[in-house]
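Peer 1: Could you fit the two chains together into a complex? Lean on the hints.
So the chains spell out like this:
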Amino acid sequence: MSDNSTELLHKVADSEYKYGFYTDIESDKAKIGLNEETVRFISAKKNEPEWLLEWRLKAYNHFVSLMESEKTPEWAHLTIPKIDLQGISYYSAPKQRPEYESLNEVDPELLNTFKRLGIPVQEQERLVGIVVDVVMDSVSVTTTFNAELDKNGIIFCSFGEAVQKHPDLVKKYLGRVVPYTDNYYAALNSAVFSDGSFCYIPKGVRCPVELSTYFRINESGTGQFERTLIIADEGSYVSYLEGCTAPQRDENQLHAAVVEILAMDDAEVKYSTIQNWYPGNAEGVGGIFNFVTKRGICEGDRSKISWTQLETGSSITWKYPSCILKGDHSVGEFYSVAFTKGRQQADTGTKMIHLGKNTSSTIISKGISAGNSQNAYRGLVRVNRNAENARNFSQCDSMLLGDRCGAHTYPYLEISNPSAKVEHEATTSKVGEDQIFYCKQRGISEIDAIKLIVNGFCKEILAQLPMEFAVEARNLLAIELEGSVG
Amino acid sequence: MLEINNLHVSIEEDGTEILKGLNLKIGAGEVHAIMGPNGSGKSTLASVLAGKDGYEITEGSVSFDGMDLLELDADVRAREGLFLAFQYPIELPGVSMSNFLKQAVSSVREHRGLDPLSAGDLLKMMKEKAALVHLDPSLKTRAVNEGFSGGEKKRNEIYQLAMLDPKLAILDETDSGLDIDALRIVADGVNTLRSPDRSFLVITHYQRLLDYIVPDFVHVLVGGKIVMTGGKELALELEEKGYDWIKGDASLAV
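So the protein lines, in turn, are chains A and D. The first sequence begins at 1 in the numbering used here and counts up one residue at a time. The second sequence begins at 1 in the numbering used here and counts up one residue at a time.
Calculated directly from the structure, the hints in this document are not laboratory data. Where a beta carbon is used, it is the ideal one built from N, C-alpha and C, also for glycine. No false leads were mixed into what you were given.
What follows is a set of in silico ranges between Cβ atoms, one per label pair, in the way DEER data are often shown:
#	chain 1	residue 1	chain 2	residue 2	range
1	D	N5	A	E423	55 to 63 Å
2	A	Y410	D	P137	38 to 46 Å
3	D	L70	A	E414	57 to 65 Å
Bound-form chain D, shown alone (with noise of 0.2 Å):
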């Protein structure tokens, strides 16, 4: 599904190396974590494989689905089936959801070939993947993200997610700022989505997310690689011994 070779990342705009040969492989179905200490990269991973512009890719080559995944734009990455749950979702004043998730849906389906959503077709569904995160339907009549509470915002780009129905979503510490209550109606909402042909990403800091969203694989992210990777349980290990036992490991590896 997702493989990714040596990647090295700048920032753009002072040359700073974010990325330093990062590899990692994904197979369909498969839910990967990755985790690590604040500053290690993990956004910027995420930022990089949806097309965000600001970042130069100086080595290093990312397939998705058989395409090279860094020739393709922003939009066209979304529409073949890659999806980033953003960490802070932003704001649209104005454009109500209901407009916005027509003109996302339509984009996409035209893109992968499928017929436009009738109206009615499209208001079916948007109740039905809303109530996956129990957002109100009044919902669709509000500006995106606009007003909406921190939970509200979060629960939102996992009702997106359903709505548009990705091969690969990656969720970007979307766990932050949540209660324990909101956390567990997003992480439901991820588990119903799960399926042998969508692969999830999850990036966290913390194991909490984990406790309800059961990895495949866990990797942790140090200084723009990774470093070790392992099952479930190593998620636990990094909650109990922080992530310092593993700098100093990685520290020494280089």
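Pulled out of the complex, with its shape left as it was, chain A reads as follows (with noise of 0.2 Å):
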């Protein structure tokens, strides 16, 4: 590469975390630390039923014993520092929170956050009838157009909300796909989350509209751990958006999600997320740890979990939206952009789990590195001995922008049924030079030229967005990889 391209390359790298306002409103927190009490605080806040906080408290005490015998992940290709659960407050609530009828009584500073991160509910409100709920810190903010959803009999509220008027549900579901004894961070998500997203499709109902929750942590010296969970009964369907983005702070804040998903006989649910978190400095100082949980059955036969990501923020980010395909004919996909610069470092990647028959996945992971970044996809495809007749094709293909970034790729493959046909394909490649030059031959600027290029080795996993998101989603890309230059 050029001293020039590398050069821009670099500036491309550093460029500034554009999202980093901090919103002044007042704030609700829990005292800061982690025991029992901590939990029971948060239980007690959010009005829980009894068999809510014993499941916690049982989480908790999974948690510790964790914690003891420091059973951390340590296999991903990441360099964690230690970090201080005592020193972290768990719950965060902005203090105003009056019910709210409509975004008029909405505190105008947060409406102003919403407009800054160029995601104003009101515009969603008017284009095109997108539901969203935003979780600021730990709560539920404000919902739209419930009543649309109500006549269909969908159930969108914040988590909080459907414990109070849908336990049953909740209970039901509740850890069923992720058990709190399911790793790390699942569990002290279990213990500790304050809220989230509930999201129930009844039988036959196509969702007409998209629904979204936009996740920003605001407050300094909190976590989040937010929880969501998608029910799609027989032959629903229903389209989930989560945007993700916080301001700009030295420290390290954790955020340690947890996303079910249940597809029942012919259900389809497609996931797609944008995640910007705080990256941290351009040295590595601040950003959000995102160590995040996320995982969809298939309990159905012929029913499908599609997951789709552009993952562009976080210092760093360890997740992997799984797929169990345990209905027959069930589908699982996956398609993920992780977009790393400065001294990010991203482990991400999925599972698929074949358990029925005739099941089929697939996994196209795009990995872009810039600057000092680090950018790993690790994957299982596992075929158990009763999947009779299991597909999958996985593509996972590797792009560096600049010379002192890494991209590292793990499939893992476990297939124990003799009818599998499991495809693999991996390549890396540098923006070459020689492309650069073709398209300033053109009149392109070289920033351009790169943000075509770039665009061009994502345009797949785009185009499964749904339409407002991928533009949102390109402009992401381009703001990301615009640097000083823009």
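Peer 2: Structure below.
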């Protein structure tokens, strides 16, 4: 790579976070530190039933045992500094918390936040009728379009509200896909989760709008532990969008979320994420630790779960949205773009667990590394003994921008049924000097050339995103690439 | 239009001198051909004029339309109207031809102070220019040069030339790898694009292309210098005698 290109790529890689503003809203925080009292405090704050408190406490005790035996996950290609779990507050709610009838009643500061994020709720409302549930720090602030959803019997609300209004559903499905014993961070989340989203699509209903949640970590010294539970009953369909940002801070903030999805017979869930948490500065100070457990189960026959993600933020990302293909003829998909720059580290991928007969899965992962970042794909395809005729296609492509970053691919295959057909393709490329020169010779500037080439590289993933989200994703990628040139 | 004076160029990496005092003057609307044996510096000349990295200009000057060409970045040269048809066109996976051309045309037009084209006008122009070189209009949805046949790639270069409306077009061995039919299509396209305010520099190893694109001047490049200049009949003479007789002369001259 020529000096000029390299220099530009370094500039790109060092570009500053553009969402680093802090919203000045009074908030109601839990006392710092993690102990049984913290768990009880959160549960009480949320006015939770006894069974949920018990579940939390079981999770807490399990977490304590993991912590004492130091069973943090160590296998990822990540360097994780020791996280002081006693140094953060596990609950932070904006203090003014009335029930909103309309957006006009919402704290103007908050609306301003959305505007700066480029996802003004009002805009969203006007556009296509996306229902947005905004989770700021730990509690859900506003949901819109509930009337439209009610008509179809769709439940879409904050997790806290679901616990109050639909306790049977929550009790039946909570922890079914990701039990609190699943892993270190899932246990922590189960003990201290403060809010999140809940969604239930009844039998045969095709959700008429795209459901959308925006997460944002605002308060300093807090962690965000939200929990999302999506249940798609027989023959239903839902497309769910999730966006994440956080203001710029010198300290690291912990985000340990859990997402559970269940798809019954003939149901389809499409889950899309744009993750843009604060990545830390160019030297790697600050930024979000994004340790997320996302898993869906294709419980019913012919069900389908599809994960699409654009990951550009966080100082460390540890995330493997997975599918358990239990129903016969069920389908799992994972489409991912992970962009890292500066000192970011990402270890992300998926697990496709084939249990039912004639199940199929597709994995397409695109990693783009710039600056001094490390970007790893880690994916497991497991075909169990009874999973006749399982099919998997995996494609993992990595692109390097510059010469100080790393791309890694760790595919794992565990095949226990001889009828399985599994294909894996992997490529690594550099944005070529030749490609950039070709573009420049046609009058296209260097930064526009890099944007074109990177966008081309991610094209098939971005095409999976719902239209408005795809536009936002492309803009986000462009901003990330622009650096000081733009 | 273009004036090259005593141009000396080395490869940055190892310092090998490739062009050793090249002089060339191209007037508006003229078609010049540069011929020469392998390794004489033909492609280096094309690359240096287009502003490719990796070369060091140790001596000499190049003026393009009154500007100091060597001071301009490659993308600015393109916007100012210097076009290079690549010998080996580059593939851009996932980047559609229409997206690529949209970006290129709008950068170029903005630089030249022209209004941006509407989506409809751009499409119309794409269709029109694609027809010049017999390219299928469905090409616009394909990724740039990806999966193109050798002939399609070369025709695609001429198509882009037509889209970007340059003042000087350099064709770097555009004839290499083309069969006679494809060669005719490319040459017809180029001939259509000849005009009093557009000059061409046609770099070729063989005389064949010059049967179709008839040059005003033919230069012979040997050992990094132009050692002979003549009219179109010089190409025929070279075809007949090869380069050795000139090489002999050139070495005597040194």
